[in-house]
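If you read the protein sequences in the order shown, they are chains A and B.
Mapping to this note's numbering: the first sequence position 125 is 1042, numbers consecutive.
Mapping to this note's numbering: the second sequence position 100 is 675, numbers consecutive.
Just so you know, the hints here were simulated from the structure itself, not pulled from any lab data.
Incorrect hints may appear among the rest.
Between beta-carbon pairs, the in silico distance windows are [claimed, not checked]:
1. A:959 - B:689: 29 to 35 Å
2. B:584 - A:985: 39 to 45 Å
3. A:920 - B:584: 17 to 23 Å
4. B:647 - A:994: 40 to 46 Å
5. B:707 - A:991: 42 to 48 Å
6. B:642 - A:1005: 40 to 46 Å
7. A:956 - B:640: 23 to 29 Å
8. A:994 - B:701: 39 to 45 Å
9. A:919 - B:704: 45 to 51 Å
10. B:578 - A:986: 32 to 38 Å
A few chain A residues facing chain B, derived, Cβ under 8 Å [to be verified]:
11. 953
12. 957
13. 962
14. 977
15. 997
16. 1011
17. 1023
18. 1047
19. 1057
Bear in mind that the values here come from a model prediction, so they are computed numbers and not experimental data.
Cβ atoms here follow ideal geometry from the backbone N, Cα and C, with glycine treated the same way.
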Amino acid sequence: MKAGRIIVALLAGLIFGFGLALSGMMDPTRVQGFLDLGSIPDGRWDPSLGFVLGGAVVVAFLGVRLMGRLQHPVLDQSFHVPTNTKIDRPLVLGSILFGLGWGLGGFCPGPAVASLSLGLWPSVVFVIAMISGMLLHDTFIAKRAA
Amino acid sequence: MAAYWPSLIGGMLIGLSAAVLLLINGRIAGISGIVGRLAQGADIASNGAFVLGLVLGPVLYLLAFGAWPAVTITASWPLLILAGLLVGFGTRMGSGCTSGHGVLGLARLSPRSFVAVASFLAAAILAVAVIRGVGA
């Protein structure tokens, strides 16, 4: 069962990475082209990201509906989904900080990691900074809150 | 519209990946969560396998289409490092990114994720407006 879960995780990662490559969202310039609402009036706005998110949410939604009909996932005893429903300060502040970084660099975590395959130094540096930011939070902030 | 087919199909594959991981392994395909837990050394086999697949995905694209997907990075080094730190710190503090909150959270109709998505989209739009304004 454990080996099965590892193979499924590898396969899911592969589909995710291929999807990112096909969608165009590994390209920071294109992501910033979507986020640049100031370019709407002169017709340069790139709505690609809307199609990526729309397509992903619709298919994931079908998966979530199907989940509701299952007692447990195929290879595990229970579904590990978030149970927290509180809209609190860390959620909003963290999301704002993430959004600022996403806009400045044009990379969110998935495309940044997937782009490592291309061996470009800027994306390597971005991913190292990103993991440093994660560890910084998990080591100092999360521990203090716990 | 024709130009947006790859984006739509690519997005649907991302949704498929999330559905597969949820229905078979019972896990949320949130990249910041998976990478963050891997960085902490938690469940290395499964998280590592997913990340390995994620990195190999574009290689699959290269084999299928004979070219790498476009990646054009214009940010300067200091800006790139600042952006990476903000993305890493922010996604852990906010419990998710464009995949966990954006794809699965919205699909699960989670109010927390709707707030998260609205917050990070607004902040990202603001950040791009600022760099466009100063020409960075």
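Hint check results:
1. A beta carbon spacing of about 31 Å between residue 959 of chain A and residue 689 of chain B agrees with the range 29 to 35 Å that was offered as a hint.
2. Checked against the hint of 39 to 45 Å, the C-beta distance between residue 584 of chain B and residue 985 of chain A comes to roughly 26 Å, which is inconsistent with it.
3. Distance hint check for residue 920 of chain A and residue 584 of chain B: the Cβ-Cβ separation is about 31 Å, which falls outside the suggested range of 17 to 23 Å.
4. Checking the proposed 40 to 46 Å range against residue 647 of chain B and residue 994 of chain A shows it holds: the Cβ atoms sit about 45 Å from each other.
5. Distance hint check for residue 707 of chain B and residue 991 of chain A: the Cβ-Cβ separation is about 47 Å, which falls inside the suggested range of 42 to 48 Å.
6. Separated by about 45 Å at the C-beta atoms, residue 642 of chain B and residue 1005 of chain A satisfy the suggested range of 40 to 46 Å.
7. Remark: the range hint 23 to 29 Å for residue 956 of chain A to residue 640 of chain B is upheld by a beta-carbon distance near 28 Å.
8. A C-beta distance of roughly 43 Å is found between residue 994 of chain A and residue 701 of chain B, which places it inside the suggested range of 39 to 45 Å.
9. At roughly 48 Å, the beta-carbon separation of residue 919 of chain A and residue 704 of chain B lies within the given 45 to 51 Å, and the hint holds.
10. Taking the beta carbon of each, residue 578 of chain B and residue 986 of chain A are about 37 Å apart, inside 32 to 38 Å as hinted.
11. At a threshold of 8 Å, the smallest CB-CB gap from residue 953 of chain A to chain B is about 5 Å, leaving the interface hint in force.
12. A distance limit of 8 Å between C-beta atoms decides the matter here; for residue 957 of chain A the minimum to chain B is near 11 Å, and the interface restraint is violated.
13. A cut of 8 Å between beta carbons decides the hint on residue 962 of chain A: the least distance to chain B is about 11 Å, and the hint is violated.
14. Interface hint at residue 977 of chain A: satisfied, since its Cβ lies 4 Å from the closest Cβ of chain B, which is below the 8 Å cut-off.
15. Hint status for residue 997 of chain A: holds, given a least beta-carbon distance of 5 Å to chain B, under 8 Å.
16. Proximity of residue 1011 of chain A to chain B holds as hinted, the smallest CB-CB distance being about 3 Å (cut-off 8 Å).
17. Given the 8 Å rule on beta carbons, the hint for residue 1023 of chain A holds: about 7 Å separates it from the nearest Cβ of chain B.
18. The closest approach between the C-beta of residue 1047 of chain A and any C-beta of chain B is roughly 4 Å, which is under the 8 Å cut-off, so the hint is satisfied.
19. Here the hint on residue 1057 of chain A is broken, as its CB sits about 10 Å from the closest CB of chain B, past 8 Å.
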